[in-house]
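*Asks:* Sequence lines, in order, name chains A and B. Per my numbering, residue 1 is the first one in the first sequence, and the count goes up by one each step. Per my numbering, residue 1001 is the first one in the second sequence, and the count goes up by one each step.
Just so you know, these hints were derived from the structure itself, not from any lab. Treat each hint with caution, since some may be false.
Said to hold, decoys possible - Here are some, though not all, of the chain A residues that point toward chain B, as calculated from beta-carbon distances under 10 Å:
no., residue
1, 22
2, 25
3, 29
4, 30
5, 34
6, 47
7, 51
8, 57
9, 120
10, 122
11, 125
12, 127
13, 134
14, 140
As the list claims (entries may be wrong) - If you want the ones that stay clear, here's a sample from chain A, every Cβ over 12 Å from chain B, calculated:
no., residue
15, 7
16, 19
17, 28
18, 73
All C-beta atoms, glycine included, are put in the ideal place defined by N, C-alpha and C.
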Amino acid sequence: MPVRVQQEDFDAGAEIARLRAENPKIGAVASFIGIVRDLNEGAAVGSITLEHYPGMTDKALTSIAEQAKTRWNLLDVLIIHRIGTLAPTDQIVLVVTTSSHRGDAFAACQFVMDYLKTEAPFWKKEVTAEGTRWVDARDSDFEARERWKCGKVGKA
Amino acid sequence: MKLRVLYFAALRERVGHAEESFDAPSNVANVAQLRDWLAQRGEPWSVAFAETRRVRAAVDQTMVDDRHALHDGAEVAFFPPVTGG
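Turn these sequences into a full structure, and let the hints guide you.
*Replies:* Below is the structure:
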């Protein structure tokens, strides 16, 4: 269950190939890539800088991946999150889930992202034409996480 | 009770430093009490905590709620809601 926090970019194709290499049990791979947009809250974004809490990040991401594995029949989970300064079109985050059938892989991939958005200690600071600002958390991100609670969405 | 307190993101900038260590008074037993005690020390903590919406906390690198109990030697982090991904 690999979890990585790094400055360098990642190659999703190569990561997926490595994750599923020589595992004939895998029947489905779901992946999500988060990308820096050029517009946020109405302002043009020149770059963003991602800060994190080094002691806690690995622990939080590993815990999210473990929760996904408890909830769905997964063979593996991969999470890569970048830190440092990134520009629009740069990749920020990669989540890959593998399972025997697509339902588990799809649901778990979304679950991991929804939890990562609200539980993993990363913070974005944007440089826009109007100056530098910390990105505010969105209520929609909390709502996205909440719907996984109380068994509202779960194992098929 | 010896504590190591860390600040991140906007809260770190408002406090003006990333971490501090101190002996907390005996009436500081949980996260909310620590935050209130820090804020009542005056600036920059009072302003930093007042200006940061929905400050969250972690104890020993795990996200916790306000009533979470502290222990001697704990690492307590305060930060704004996370915005990764």
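*Asks:* Compare the structure with each hint and give your call.
*Replies:* Structure-based check of all given hints:
no.	hint	verdict
1	22	30 Å, violated
2	25	29 Å, violated
3	29	20 Å, violated
4	30	16 Å, violated
5	34	5 Å, holds
6	47	15 Å, violated
7	51	6 Å, holds
8	57	9 Å, holds
9	120	5 Å, holds
10	122	3 Å, holds
11	125	7 Å, holds
12	127	15 Å, violated
13	134	4 Å, holds
14	140	12 Å, violated
15	7	14 Å, holds
16	19	20 Å, holds
17	28	22 Å, holds
18	73	24 Å, holds
Going through the hint list in order, the structure does not satisfy hints 1, 2, 3, 4, 6, 12 and 14.
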